[in-house]
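K.L.:
In case you want the letters, here they are:
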Amino acid sequence: MKSPLRLERRLTQPKKLNWLVPLISIAAALALGAIVLLLTGKNPLSAYHRILETAFTSKSSFSGTLVSATPLAFTGLCAALTFRAGIINIGGEGQFFMGAVGATLAGLALSGQPTAIIILSMVVMGALFGGLYAVIAGVLKAKFNTNEIITTLMLNYLAGIFLNYLIFGSTSYWRDPQSMGFPTGKQLQPRAFWPSLHIVGFTVPLGFLLATILGMLLWFLYARTRFGYEVNVIADAPSAARYAGMRTRWKIISVMAIAGAVAGFGGASDVGDFRHVLDAKGLQLAGYGYTGIVVAALARYNPVSAVTVAILMGGLTNAGYALQGPNFPSGLVGTLQGLILFTAVAGEVLTRYRIRTQKSGALSEVAA
Amino acid sequence: MNKRLTRKWLPAVAVLGLGVSLVACGSSKSDTASDASTTDTAAATADTMASTTDTAAPDATAVGSTSWDTNFTPWKDGKPVNCKPATGPLKAAWIYVGPINDGGWTQAHHEGLKAVQAKFGDQVVTTYKENIPEGPQVLTTIDQLVKDGNTVIFGTSFGFQDAFVTAAGKYPNVCFEFETGFKSAANLSQAYGAGEDGDYLAGMAAGAASKTGKVGYLAPFAIPEVIRGVNAFTLGVRNINPAATVQVVWTGTWFDPAKERQAAESLISAGVDAISSAQDSPAAGEAAKAKSIPWVGYDSDQNANFPEVWLTATTYHWGVYEVPRIQQVLDGTWVAGDYYGGLDDGFVKMATFGKLVSADTQAKILAKQAELAANSGSQFTGPIKAQDGTEKIAAGASASYGDLMGMNYLVEGVLGDLPKS
Chain A
1 MKSPLRLERR LTQPKKLNWL VPLISIAAAL ALGAIVLLLT GKNPLSAYHR ILETAFTSKS
61 SFSGTLVSAT PLAFTGLCAA LTFRAGIINI GGEGQFFMGA VGATLAGLAL SGQPTAIIIL
121 SMVVMGALFG GLYAVIAGVL KAKFNTNEII TTLMLNYLAG IFLNYLIFGS TSYWRDPQSM
181 GFPTGKQLQP RAFWPSLHIV GFTVPLGFLL ATILGMLLWF LYARTRFGYE VNVIADAPSA
241 ARYAGMRTRW KIISVMAIAG AVAGFGGASD VGDFRHVLDA KGLQLAGYGY TGIVVAALAR
301 YNPVSAVTVA ILMGGLTNAG YALQGPNFPS GLVGTLQGLI LFTAVAGEVL TRYRIRTQKS
361 GALSEVAA
Chain B
369 MNKRLTRKWL PAVAVLGLGV SLVACGSSKS DTASDASTTD TAAATADTMA STTDTAAPDA
429 TAVGSTSWDT NFTPWKDGKP VNCKPATGPL KAAWIYVGPI NDGGWTQAHH EGLKAVQAKF
489 GDQVVTTYKE NIPEGPQVLT TIDQLVKDGN TVIFGTSFGF QDAFVTAAGK YPNVCFEFET
549 GFKSAANLSQ AYGAGEDGDY LAGMAAGAAS KTGKVGYLAP FAIPEVIRGV NAFTLGVRNI
609 NPAATVQVVW TGTWFDPAKE RQAAESLISA GVDAISSAQD SPAAGEAAKA KSIPWVGYDS
669 DQNANFPEVW LTATTYHWGV YEVPRIQQVL DGTWVAGDYY GGLDDGFVKM ATFGKLVSAD
729 TQAKILAKQA ELAANSGSQF TGPIKAQDGT EKIAAGASAS YGDLMGMNYL VEGVLGDLPK
789 S
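Chains as they are written, first to last, in the numbering used here: chain A, 1 to 368; chain B, 369 to 789.
Since the hints were derived computationally from the structure, they do not count as laboratory data. In this text the structure is predicted, and so the values were computed from the model without any measurement. Check before you lean on any hint, since a few could be wrong.
Here are some chain A residues the structure puts well away from chain B; computed CB gaps all over 10 Å [as the list claims (entries may be wrong)]:
1) LEU32
2) VAL304
3) VAL345
Taking lysine to any residue and the SDA-like style, the derived pairs with C-alpha atoms no more than 25 Å apart in a straight line are [said to hold, decoys possible]:
4) B:LYS723 - B:GLY764
5) A:LYS143 - A:LYS42
6) B:LYS515 - A:PHE56
7) A:LYS42 - B:THR621
8) B:LYS538 - A:GLY201
9) B:LYS717 - B:THR758
10) A:LYS59 - B:VAL542
11) B:LYS736 - B:GLY764
12) B:LYS582 - B:PRO751
13) B:LYS551 - A:ARG191
14) A:LYS59 - B:GLY537
15) B:LYS627 - A:TYR157
16) B:LYS657 - B:GLY764
We put the CB at the ideal spot given by N, CA and C, even for glycine.
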C-alpha cells in the first residue's frame with residue numbers, strides 16, 4: 001500500500017522559498033511551542049518575551065549570546081566545509097579538543113611574550129593540532145576508503161581520553177602542579193587572555209570576530225576559487241570529477257585539514273577567550289563539535305550563514321538557561337528548543353522537495 | 369608533481385595565512401586589558417582552612433547534636449558582607465551541573481534549597497538553574513541571576529570554581545557559596561564535609577555483607593577527596609573482615625549512568641560479592657540488583673528503590689549549612705569562610721540500613737559512628753600502610769588535616785592502581 005503523501009524533488013527552487021520557508025518554520029515552531037506551554041499552564045507570550053530579552057534584545061544578554069556562539073561558529077564552519085564536500089566529518093569535537101591542547105601549550109610556553117605573539121602562536125598551534133588530527137581520518141578515507149563517520153567519531157573519544165590523560169592521568173605540562181583536590185589545568189597568564197572588543201556597547205569576543213572573518217574567507221574559497229569548484233564537483237559528481245582528472249584523494253585530505261584547522265582554531269579561541277586553561281572536563285561536557293553539525297545543517301553548509309546560525313543557536317542556549325527555574329523545568333526548555341530546531345530542519349526539506357498527495361492515482365500539489 | 373601538489377594545497381595555506389595575519393592585526397588594535405583577571409584574587413587557602421578534627425570535642429558528642437558553626441571558620445580578616453536587598457524578599461539561587469532528580473549529588477543540593485525555602489517562606493525567594501555545563505556559560509548564568517536580583521548564589525560543581533571567583537570580584541555585594549572547591553574571596557565561601565567518616569561506616573556494612581571478602585568499588589577520579597573515601601571504605605571493610613580486599617575501578621566520570629552500570633557489571637563478573645559506588649547516580653544499584661549483589665550507594669538513600677540489595681550510604685545534608693547561612697544573610701552577619709561538616713552536626717549522615725545489614729553489624733556500625741562523630745578522621749589512626757606495605761601513618765599516630773586533604777596513596781587491601789604521577 002502506498003502512502004497518500006510523498007516527497008518529490010523540486011526541479012527548480014523558487015527564490016521566495018528562501019525567506020518564506022524559514023519564516024513559516026519559525027511561526028510553526030512558536031505555534032507548536034505555544035500549545036505545549038498552554039498545556040503545561042504557562043503563558044506563551046511572557047515566555048517568548050523572556051527568550052527574546054535574555055538572548056538578543058538587551059545589550060548585556062546579546063554579549064552573552066556571542067560568548068555561547070563563538071565556539072559554535074567555529075565547529076559549525078568545520079562541519080559545513082566537510083559536509084559540503086560530501087565528507088561526513090563528525091570529528092569537529094575531537095579536532096576542537098586537539099586545538100585547545102595545542103593552543104594551551106603555546107599560551108603556557110610563550111607566557112613571557114607580547115600578547116599579539118601569544119595569540120598568533122595559539123591560533124597557529126590550535127589550527128595545526130586540529131588540522132593534523134583531522135588529517136588522520138582524511139588519509140584513512142582517501143587511501144583506504146574507510147568510513148569517515150566511524151573514524152572521526154572514534155577519534156572524538158580518543159581525543160577526550162587524551163584530555164583526561166593530560167589533566168587527570170599524568171603530571172603533564174598542561175596540568176597545574178599546585179591544583180589541590182581536583183586536578184586542573186595550568187592557568188594562562190592574564191597577558192595571554194584574548195581581549196574582548198567593545199563595539200557600540202556590545203562585548204564581542206575576539207574569537208567571534210575572527211570566526212566571522214574566517215566564515216567570509218571560507219565562503220570565498222568554496223564559491224570563487226578553483227579549489228572550491230573542484231570540491232563541489234567531487235561532492236556532487238565523483239565519477240565526473242575523476243573523469244575530468246581531478247585529484248579526489250588530495251581534495252579529501254585538504255578539506256579535512258582545513259576543516260580540522262578551523263575546529264582547532266575554535267579550540268584556541270575557547271582557551272584564549274574564555275577558559276584560559278585546558279579544561280578537560282568542561283570541554284567534554286560542552287559538546288560544541290556535535291552542536292556544530294546542527295549549526296552547519298541549519299546553515300545549509302554555507303560558511304557565512306553558519307556564523308549567523310551560531311548566533312541564533314547561542315541565543316537559544318542562553319535563553320534556555322535564563323528561562324528555566326522552579327516554575328519552568330529544564331525539560332520544557334529542551335522541548336521548546338527541540339521544536340524550533342525540528343521545524344527549522346523540516347522546513348529546510350520543503351525548499352528542496354515538495355509534498356504531493358496521491359488520490360486515486362491523480363497527483364495534486366498541496367504545498368508551495 | 370611537486371609543483372602540482374603545492375598548487376592544490378595553496379588555497380588551504382593561503383586561508384590559514386590570512387586568518388593568522390588577521391589575528392595579529394585584531395589583537396594589536398584591541399584593548400589588551402583583560403576584564404577577568406582572577407588568578408591573583410583567588411588565593412589558594414590551604415592555610416586558612418578549618419581543621420575541624422582538632423576542634424571537635426572528644427567527649428560524648430552525640431551524632432547530629434552539635435551546631436554547624438563548630439565546623440565553620442571564617443577566612444582570615446573576614447568581614448561581614450551585606451547582601452540583603454534594601455527592600456523585598458531575599459533572592460537566593462543555586463546553580464547545578466546535573467539534573468535536580470539525579471538521585472545523588474545535585475538532588476542532595478536541591479534538598480538544601482528546599483530546606484531553605486521551607487524554613488524562610490516569604491522572606492526568601494529561591495530559584496535554581498540545572499544542567500549548566502562547566503565553561504563560559506557559568507558566568508553568563510551568574511550575570512543573568514544577578515540581573516534578576518539574586519544576591520546569594522550557590523555553586524555546586526567543582527568546575528564552576530573559576531567562574532565563581534571571577535563573579536565574586538565582579539559583584540562584591542553578592543554572597544557566593546561554593547560547594548565544593550578551595551578558592552576564597554571576601555564574599556566567597558567554601559563548604560563540604562567529612563564524607564570519609566560515612567565511607568568507613570559504609571565499608572563496615574559491605575565487609576559484613578561480603579562472604580568471599582572480595583568487594584568492588586566504583587570511584588570517579590583519582591583525586592584526594594575520592595582516594596580518601598576509597599581508603600576509609602577499605603579500612604571499614606577490613607575492620608569487619610581483616611583479610612578482605614577492595615577492587616577499585618576508576619570510571620572517569622561523576623555522573624554517567626550507562627558507564628557506571630557497565631563498570632559495576634564488570635566488577636561483578638570479576639567476582640566481587642559486594643559493591644560500592646561513589647558515583648552521582650544509582651545506576652550501579654541496577655547492576656547489583658540484577659545479580660543480587662549487596663550494594664552501598666552514595667549521597668542518596670535508595671533503600672526504598674533497591675530493598676533487595678541495599679546496605680547503606682554516606683549522605684550529605686546541605687540544609688544543615690545553608691539554612692543558618694541564609695539566616696546570617698538576613699541578620700547581616702554573613703562572613704565568608706570555610707565549612708567542613710561532619711557526623712557531629714548532622715551534615716554527614718548514614719542512610720537507612722537495608723535488610724541485608726544484620727542487627728549485630730548495625731550495632732557495631734552505630735558504636736563506631738559515635739566514635740567518629742566525636743573524633744572525625746580517627747579511622748585513619750596508625751598503623752596505616754600503603755598498598756606496597758610502606759607505613760604511611762605510624763602506629764598510634766593520627767592523620768593530620770593536611771594528610772587527609774592531600775591523600776595520594778591507596779591503603780593496603782585496595783586492589784587497583786592510581787594513575788602514575
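K.L.:
With reference to the structure, classify each hint as holding or not holding.
P.N.:
Tested hints:
no.: 1; hint: LEU32; verdict: holds, 23 Å
no.: 2; hint: VAL304; verdict: holds, 15 Å
no.: 3; hint: VAL345; verdict: holds, 23 Å
no.: 4; hint: B:LYS723 - B:GLY764; verdict: violated, 36 Å
no.: 5; hint: A:LYS143 - A:LYS42; verdict: violated, 56 Å
no.: 6; hint: B:LYS515 - A:PHE56; verdict: holds, 15 Å
no.: 7; hint: A:LYS42 - B:THR621; verdict: violated, 36 Å
no.: 8; hint: B:LYS538 - A:GLY201; verdict: holds, 18 Å
no.: 9; hint: B:LYS717 - B:THR758; verdict: violated, 33 Å
no.: 10; hint: A:LYS59 - B:VAL542; verdict: holds, 22 Å
no.: 11; hint: B:LYS736 - B:GLY764; verdict: holds, 18 Å
no.: 12; hint: B:LYS582 - B:PRO751; verdict: holds, 23 Å
no.: 13; hint: B:LYS551 - A:ARG191; verdict: holds, 22 Å
no.: 14; hint: A:LYS59 - B:GLY537; verdict: holds, 21 Å
no.: 15; hint: B:LYS627 - A:TYR157; verdict: holds, 14 Å
no.: 16; hint: B:LYS657 - B:GLY764; verdict: violated, 40 Å
Hints 4, 5, 7, 9 and 16 from the earlier list are contradicted by this structure; the remaining hints agree with it.
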